[in-house]
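Enquirer: Given next are the chains, with one letter for each unit.
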Amino acid sequence: MCLAVPVRIVSIDGDEAETEIAGVRRRVSIAFTPEAKVGDYVLLHTGYAITVVDEAEARETLKLLKEIANLSEVP
Amino acid sequence: MKFLEEFQDARLARGLARRIAQHSTKPVRLMEFCGGHTHAILRYGIRQLVPKTVEMRSGPGCPVCVTATADLDKAIALAQLPDMVITTFGDMVRVPGSYSSLQRIKADGADVRIVYSTMDALEIAKANPTKKVVFIGIGFETTAPTIAASILKACLEKIENFYVLSLNKLTPPVMKALLDSGEVKLDGIVCPGHVSVIIGSHPYEFIPRDYGVACVISGFEPLDILLCIDKLVEQIEKREPRVEIAYPRGVKPEGNKRAKQLMEEVFEIGAANWRGIGIVPGSGLIIRKQYEQFDADKAFPVKLEPAKEPKGCRCGDIIRGAATPLECQLFRKVCTPDSPVGPCMVSSEGACAAYYLYGAPEDLPGP
Chain A
1 MCLAVPVRIV
11 SIDGDEAETE
21 IAGVRRRVSI
31 AFTPEAKVGD
41 YVLLHTGYAI
51 TVVDEAEARE
61 TLKLLKEIAN
71 LSEVP
Chain B
1 MKFLEEFQDA
11 RLARGLARRI
21 AQHSTKPVRL
31 MEFCGGHTHA
41 ILRYGIRQLV
51 PKTVEMRSGP
61 GCPVCVTATA
71 DLDKAIALAQ
81 LPDMVITTFG
91 DMVRVPGSYS
101 SLQRIKADGA
111 DVRIVYSTMD
121 ALEIAKANPT
131 KKVVFIGIGF
141 ETTAPTIAAS
151 ILKACLEKIE
161 NFYVLSLNKL
171 TPPVMKALLD
181 SGEVKLDGIV
191 CPGHVSVIIG
201 SHPYEFIPRD
211 YGVACVISGF
221 EPLDILLCID
231 KLVEQIEKRE
241 PRVEIAYPRG
251 VKPEGNKRAK
261 QLMEEVFEIG
271 AANWRGIGIV
281 PGSGLIIRKQ
291 YEQFDADKAF
301 PVKLEPAKEP
311 KGCRCGDIIR
321 GAATPLECQL
331 FRKVCTPDSP
341 VGPCMVSSEG
351 ACAAYYLYGA
361 PEDLPGP
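Read top to bottom, the protein sequences are chains A and B. For the first sequence, my numbering begins at 1 and goes up steadily by one. For the second sequence, my numbering begins at 1 and goes up steadily by one.
In short, the hints are calculated from the structure, not lab data. Careful, some of the hints might be misleading.
As the list claims (entries may be wrong) - The calculated label-pair distances, taken between Cβ atoms and stated as ranges, are:
(1) A/Gly23 <-> B/Glu55: 39 to 45 angstroms
(2) B/Thr25 <-> A/Arg25: 47 to 53 angstroms
(3) B/Gly45 <-> A/Val38: 35 to 41 angstroms
(4) A/Ile21 <-> B/Gly109: 17 to 23 angstroms
(5) B/Pro82 <-> A/Val38: 44 to 50 angstroms
(6) B/Ala107 <-> A/Ser72: 52 to 58 angstroms
(7) B/Arg29 <-> A/Ala22: 34 to 40 angstroms
(8) A/Ala22 <-> B/Lys238: 37 to 43 angstroms
(9) A/Ala56 <-> B/Lys257: 16 to 22 angstroms
(10) A/Glu73 <-> B/Val334: 45 to 51 angstroms
(11) A/Gly39 <-> B/Arg29: 41 to 47 angstroms
(12) A/Val5 <-> B/Arg113: 21 to 27 angstroms
(13) B/Glu327 <-> A/Glu18: 45 to 51 angstroms
(14) B/Glu327 <-> A/Ser72: 32 to 38 angstroms
Positions of the beta carbon are idealized from the N, C-alpha and C atoms, including for glycine.
Please put together the full structure from these sequences, using the hints given.
Expert: So this is what it looks like as structure tokens:
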């Protein structure tokens with residue numbers, strides 16, 4: 001129920017947006033994320049974008065995970 | 001970056017698992033509140049990846065599962081009224097109520113339709129002006145704003161045949177109820193990522209402060225969950241419980257202000273009835289008087305027989321984290337996804353469905 005998937009915004013029309021994931025397109029509400037722009041990824045939950053995915057934070061997390069993997073591989 | 005595969009990398013997962021094993025010295029019991037987490041944990045074999053010191057317990061975070069039988073009976077009764085269309089998220093239709101299910105009465109001719117979004121329910125109302133369209137409003141804080149938005153849209157566009165049966169539930173109050181009961185001793189909570197997208201991290205702060213229980217907000221990919229477990233174990237080992245966000249690409253401390261505003265505009269806080277837990281004060285959302293014309297509870301009072309729980313079903317215990325599906329006598333024998341006895345086997349977020357689908361051989365009872 002609280003499932004949400006990242007989808008990319010293709011175009012915006014008022015408080016709705018055309019989004020795409022793996023070739024599938026769907027019109028969604030961006031009423032909760034008025035800051036969303038074309039090209040952004042949003043988390044989509046039951047037809048509504050609930051947040052804009054923060055790409056800088058995602059990169060930070062991945063960087064940390066790579067450091068952890070590298071460190072823990074040292075014998 | 002697609003924000004999916006990047007967080008499923010096997011090498012990085014093994015790195016996190018090694019780190020958890022390196023700093024986990026004492027047994028800890030963690031509860032993943034959200035059923036989405038339970039499914040990911042079993043599906044990706046995370047319980048086998050973390051050291052034996054880390055025990056994972058499934059919590060009440062499955063909206064279909066926690067819907068009380070009495071509330072489901074009400075939805076079934078509404079569906080049998082004349083000119084009624086019931087719209088609902090998919091899993092609800094298969095959950096057995098006391099005397100029937102939405103699926104069974106649909107087979108008998110009731111108009112029950114599965115929708116993906118509250119927007120679809122509104123469209124059905126617009127297309128059927130002579131019918132009364134009720135949306136069964138289950139869900140946590142993630143979903144509540146979408147239900148609020150549908151009521152506001154119905155109000156704005158004067159869609160007067162649209163109603164919501166508000167069964168929405170709130171996460172922090174039920175966490176408090178579980179901790180107050182003391183039934184299951186917890187060291188840490190894997191806090192629900194998408195609930196937290198809406199409410200932020202502040203509403204959990206009473207948990208480490210008042211109960212000494214660590215809280216880390218997690219995303220739903222395997223690396224997210226492992227990172228969350230790593231942070232929980234570290235907090236517990238250091239005896240420094242606090243609220244941390246291990247899902248910063250989705251969750252901000254303040255949450256989604258716009259979604260919270262809409263929720264507050266439409267709903268006020270009241271008691272809610274939880275399967276297996278009972279009435280929890282302050283854990284539900286009631287439609288405000290200003291919008292009561294859309295409240296199915298007010299518009300269609302129905303008389304109900306007392307609710308009956310399925311015999312032998314331990315969903316209630318499983319929802320509280322007091323038992324695992326393996327401790328239920330019915331699991332996999334009488335109760336299966338094809339013929340579910342309780343909601344935890346029906347729902348795509350239910351713990352029993354997760355154990356049934358993804359349980360490792362050592363998790364499963366003998367024939």
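Enquirer: Return holds or violated for the Cβ distance of B/Gly45 and A/Val38 against the range 35 to 41 angstroms.
Expert: holds, 38 angstroms
Enquirer: Taking the CB of A/Val5 and the CB of B/Arg113, does the distance hold inside 21 to 27 angstroms?
Expert: holds, 23 angstroms
Enquirer: Is the hinted range of 44 to 50 angstroms satisfied by the C-beta distance from B/Pro82 to A/Val38?
Expert: For A/Val38 against B/Pro82, whose Cβ atoms are near 47 angstroms apart, the range 44 to 50 angstroms holds.
Enquirer: Tell me if the beta carbons of A/Ile21 and B/Gly109 are separated by a distance inside 17 to 23 angstroms.
Expert: violated, 37 angstroms
Enquirer: Does the Cβ pair B/Glu327, A/Glu18 satisfy 45 to 51 angstroms?
Expert: holds, 47 angstroms
Enquirer: Lying within 41 to 47 angstroms: is that true of the beta-carbon distance A/Gly39 to B/Arg29?
Expert: This hint holds: roughly 43 angstroms between Cβ atoms.
Enquirer: Verify the CB-CB distance for A/Gly23 and B/Glu55 against the hinted window 39 to 45 angstroms.
Expert: holds, 41 angstroms
Enquirer: Would you say the C-beta atoms of B/Thr25 and A/Arg25 sit inside 47 to 53 angstroms of each other?
Expert: holds, 50 angstroms
Enquirer: Could you tell me whether the CB distance from B/Arg29 to A/Ala22 stays inside 34 to 40 angstroms?
Expert: holds, 37 angstroms
Enquirer: Quick one: are B/Ala107 and A/Ser72 within 52 to 58 angstroms, going by C-beta?
Expert: holds, 55 angstroms
Enquirer: Should the hint that A/Ala22 and B/Lys238 are 37 to 43 angstroms apart at their CB atoms be regarded as holding?
Expert: This hint holds: roughly 41 angstroms between Cβ atoms.
Enquirer: CB of B/Glu327 to CB of A/Ser72, is that within 32 to 38 angstroms?
Expert: holds, 35 angstroms
Figure legend: structure checked against the earlier numbered hints; the only hint not met is number 4.
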